[in-house]
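Colleague: What follows is the residue order along each chain.
Number of protein chains: 2
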Amino acid sequence: MTEGYQIKALLFDVFGTVVDWRSGIIRELSDWGRDSHVVADWPAIADGWRGLYQPAMERIRAGNRGFVRLDILHEENLCDIFVQHGLNAPTGDDLHRLVTAWHRLDPWPDVVSGLTRLKDKFIIAPCSNGNIALMTNMAKRADLPWDVVLGAEVAQAYKPHPQAYLGSADALGLKPEECMMVAAHLDDLDAAAELGFATAYVPRPDEQGKGAGAATAAKGSVDHVADDFNKLADEMGC
Amino acid sequence: MTEGYQIKALLFDVFGTVVDWRSGIIRELSDWGRDSHVVADWPAIADGWRGLYQPAMERIRAGNRGFVRLDILHEENLCDIFVQHGLNAPTGDDLHRLVTAWHRLDPWPDVVSGLTRLKDKFIIAPCSNGNIALMTNMAKRADLPWDVVLGAEVAQAYKPHPQAYLGSADALGLKPEECMMVAAHLDDLDAAAELGFATAYVPRPDEQGKGAGAATAAKGSVDHVADDFNKLADEMGC
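Chains A and V supply the protein sequences, listed in that same order. Quick note on numbering: my numbering labels position 33 of the first sequence as 21, and the sequence is numbered without any gaps. Quick note on numbering: my numbering labels position 153 of the second sequence as 141, and the sequence is numbered without any gaps.
Watch out, some of these pointers could steer you wrong.
Since copy identity is lost for identical chains, a pair holds within one copy or between any two.
[To be verified] Mimicking DMTMM-like on lysine to aspartate or glutamate, the simulated pairs with C-alpha atoms at most 20 angstroms apart in a straight line are: (1) 198 x 215; (2) 107 x 165; (3) -4 x 59; (4) 207 x 108; (5) 207 x 223; (6) -4 x 211; (7) 109 x 131; (8) 128 x 166; (9) 107 x 131; (10) -4 x 131; (11) -4 x 81; (12) 128 x 158.
Hints in this document: simulated from the structure, not taken from any laboratory.
Using the sequences provided together with the hints, build the complete structure.
Modeller: The following block contains the structure:
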C-alpha cells in the first residue's frame, strides 16, 4: 500500500506496544497502597483506570471538550476509579505520585535493543496518546532512544483521530506514506493505514496479563508482522 | 535567582549555541552554487538570509501573522535574498535543498560530548526557533542526543516571546525555575531569566566568523558562564 515511497520514520504506539503498562500500574498502585496503608483490589483498579481512558479521550475526539494532555485525564480518571472502589480520591503528593505512575513503566525486554537498531536507519518517535512530559520521563527512566517525541500533544488530537497521525507525520515534514506506524493494536494500525501510513503489527500477548493472548492480523491487513522489535529490525534490514 | 529549586531540564538555544550555522550555510550555498553553476557572494547571502530571520519572526511575535514553522520563513527569506542579490528565486528541488541546509549544520566540537554528559543528570532539549523536523534531522545527522524536541513549534511562539520558553517548560510539566536556558546570546538568556529560568551563557566567539568575538556577560546577569558544553558539564556536576 506504500509502494514507491521510502519509509523514513517509524512511529510507535507506546502503552502496550513499547511498555507493559498493566503490570507497571499494578506495581505502582500496590506500592502506594502499602506505603499508605490502603488495602484494595489493585489489579481491578488498574484495569478500571485504563478502562476510563478511551471514554475520556472520546469526549475530546468528539469535540465536546478542548484538548487537555493525558496526565490531566489520568488524574480525573484515577479519582473516579478510587471513588468507585470506595476509596477517598487521592490529593496532593499522593495524586502526583499515582498519576506519574504512567511515567514509570517498564519496556518489554526486546524494546531498547530493537529501537537502538531501528534508530540507525529510521527516525524513531512515539506516536502515543501520552503527553510530552510522560513520554520524556518514561524514555529517560527506561533508556528509550527516541529521536523526537510526537503524538497527541504535538498534534493536539487523540488517536485514532486522523489528526493525531497526520499531525505527527507533518511535524517531521513527511508524507504519511513515508512513515510506518508500529503498534500492538490493530485498530491503531487500521486508522493509520486509512491515511496512507505503512503499518507493522507487533502483538504483545502479555499486555492484558501473562498469557492473555493477542489478536491475529487478517492476511494483508498490515504490511509487516513481527514478534518483537528485534524481529522488526531484521524485517526492516537494520 | 532560582534558589530552592532543583534544575531538572536544560533547554538549549541551537543556532550559534549548538551548531555553527554561518559556516554551514556558506558551505551549503557554495556547494549548491558550484553544482548549479551560479556565482555569487555566498557569505554575504548567508548573512543576508540570517538577517531576514528576526524581522520575519517579529511579524508573528507581534501578532501580524499566525504561527508558521521556521522552514517556511527560511523559504520565503531565501527567495527574497536571492532576488536582492540579482539571482532568480530558487524553486522545486533547488529550493528544498537550500532550505534544508539549516537541517545539515555541524555542532561545535564540544557539543556531542558535553550534551552526552549533561544528559546523564538532566533532561536535555533544544528550545530553538527551528521547527521539529529541522531539529530532528539536524540531531540525527550530528548525533545530538536530545531527550525531546521543544521550542517554537511545540510552544507555537518564537523566542524571545515568553510563550516560547513557558510553553517548552510546561510541556515537560516543569516550572521555569526547574529549567535552565543555555545560550550563546545574552538577549535569549535575559528573556528566559525574566520568566524565572536559570541561565547559562556559553559564548561562541566564532559564530559570526572566525575570531569575530562574543559579548561579555555583565556580572550577576546570568547564573553560569562556561566556555563550552564540557565546561558546563563540569560546572553542573556531571
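Colleague: It remains to establish, for every hint, whether it holds in the given structure.
Modeller: Quick rundown of the hints versus the structure:
no., hint, verdict
1, 198 x 215, "within (16 angstroms within a copy, 53 angstroms between copies)"
2, 107 x 165, "within (18 angstroms within a copy, 33 angstroms between copies)"
3, -4 x 59, "between (30 angstroms within a copy, 19 angstroms between copies)"
4, 207 x 108, "neither (29 angstroms within a copy, 45 angstroms between copies)"
5, 207 x 223, "within (17 angstroms within a copy, 57 angstroms between copies)"
6, -4 x 211, "within (15 angstroms within a copy, 41 angstroms between copies)"
7, 109 x 131, "both (18 angstroms within a copy, 13 angstroms between copies)"
8, 128 x 166, "between (27 angstroms within a copy, 17 angstroms between copies)"
9, 107 x 131, "both (13 angstroms within a copy, 11 angstroms between copies)"
10, -4 x 131, "between (22 angstroms within a copy, 17 angstroms between copies)"
11, -4 x 81, "between (42 angstroms within a copy, 18 angstroms between copies)"
12, 128 x 158, "between (25 angstroms within a copy, 17 angstroms between copies)"
Figure legend: structure checked against the earlier numbered hints; the only hint not met is number 4.
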